[in-house]
Amino acid sequence: MKRTTTLTAPLSGEMLEGAQTENRFLAQTVSLLKGFAFNALGFGVLIGLWYVVSLITKGELPTPAATFQVFWELIKDPFYDYGPNDKGIGLQLYSSLIRVFSGFVLGAMVAIPMGILIGASSFCKRMFYPIVQVLKPVSPLAWFPIGLVAFQSASSATVFIIFITSLWPTLINTSFGVASLPDDHKNVAKAFGFSKWKYLTKVLLPFSLPHIITGLRLSIGVAWLVIVAGEMLSGGLGIGFFVWDSWNALSLERVISAILIIGIVGLLMDRGFSWIEKKVTYSV
Amino acid sequence: MSYLKIENMEIAFNTPKGKFVAVRDINLEVKKGEIVSIIGHSGCGKSTILNAISGMTFPSNGKVSIDGKGIEGPGPDRGIVFQNYSLLPWLTVYENIFQAVDAALAGKPKEEKHELVEKYLKMVNLWDHREKHPKQISGGMKQRTAIARAFAINPEVLLLDEPFGALDALTKGSLHIELLKMWNLTQRSKTIVMVTHDIEEAVFLSDRIVVMNNGPAATIREIEEVHLPRPRNKKDIVNMDEYKVIRERLLSLLMDKVEIDEKDFYKEKAA
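Protein sequences, first through last, are from chains Y and C.
Okay, so the first sequence: first residue is 1 according to this note's numbering, each after it adds one.
Okay, so the second sequence: first residue is 1001 according to this note's numbering, each after it adds one.
Hints in this document: simulated from the structure, not taken from any laboratory.
In this text the structure is predicted, and so the values were computed from the model without any measurement.
Note that beta-carbon positions come from the ideal geometry of N, C-alpha and C, so glycine has one too.
Worth double-checking, as some hints may not be accurate.
[As the list claims (entries may be wrong)] List of simulated lysine-lysine pairs, DSSO-like, C-alpha gap at most 30 angstroms:
1) Y:Lys76 - Y:Lys87
2) Y:Lys186 - C:Lys1172
3) Y:Lys186 - C:Lys1005
[As the list claims (entries may be wrong)] To spell it out: a stretch of chain Y is covered by chain C in this simulated footprint if at least three of its residues, at any positions, have a beta carbon under 8 angstroms from a beta carbon of chain C; those stretches are:
4) 178-188
5) 249-259
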């Protein structure tokens, strides 16, 4: 993406450097194609191996061709709805994304203020950080029963475990960002008598924002990992349940297709946050 | 008639190894509108004294007062120019000054604050660069922004902590003039206390120069009066006897180590 944007500037400019621009354009196209070639090569090797394994296992593992056919069937009509037990992959994905984002947003709403508190005050850090350290290594799935008891609904319990999952990376990164605020910036605020609000909005948050976004990016990554397992437990609707359901229907083609889709969605979310990260990072 | 008064000040810090005394027995009286430099080797506690005036650190003994009132923390009556510019990198040049003015002069209406920012940005010739971020401007421009920020809150006392230390000689020279211009434009009513390790800079700018002993537990070694006439001209003053005398005196106070190094050199050679 970035390559194309830098390209248009010299092209739209004066044609004085025409030859040079053309050369640059050519060089960029070549390097872009090279990148694609490497990607294609990597995937080619993977698909080749897959094919070999499916030959060896005599069709226990479906062949790439069979899988891609099923994959195409799935994404051809993603939003069909034939009753509660038969919905298109798009609807499954949508329901998972809604759960992930609600849990994630709730988590961020708790984690960012908590992270600021822990980062800014050593009192809070000494009080709360041990709790974070004890709870962080726990698999979020262990919270599922507690979610069930608290919310009496499997779907809400899934949102609850996503909420728990999203807390830690955001909280830890936020507190790290806040704690690493240089004395220089603090001194400016002190010397000119910044109010608490001005200190928060003009010094502390702008400085920590890149760290906070990094935390959010890690959080949503883990949340996307956890949602699959969570929905296997909760059942109902969602990409995780879809994987489990496909396994019960003995369709490995659908399982592999779902894996592919989960991977692509995860990649897109990560890219999205990387993009925001770059946007909010100021250079000194 | 002293305006800024430091009496028997000692500043000590508690460290894991025990009490560390940075400076002691500091007595200094500065008149209103005077420019005073504090000069000494690094680590002699010059900046510590400045911090005590700004209210960032508190003396462990003795007292600092302005106009008879003891200092109880940072306040808008003192403007600070920090060693490393200390601009907020995510704010534009304009915003950097505006946020400081907005905070320090909380009671004033917005328009008046914007007018102040404009006035001081124009004074340091940065009006055309107001929308730039600190990373986009040179070191000299950054320091001009910091100076404009300190002046814009209209403080009675200006505290400059090695303000030109990171700049090249030419930029430094033009900023000295810039600073004196600002001081003149405010009817020479601002009291300026500046920390430096540059002898020429101290002589050119100051009415008095405070020479520090080496730390730890540094004290004031001597206070030099500079009787050069104002307005000062860089080219003219270097030929004045007064300038030469003071420069000699400061050099001998600060540079007595040079000879020892020479002797060591010859000793090595002989061996």
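inquiry  = Please list, smallest to largest, the hint numbers that this structure does not respect.
reply    = 5
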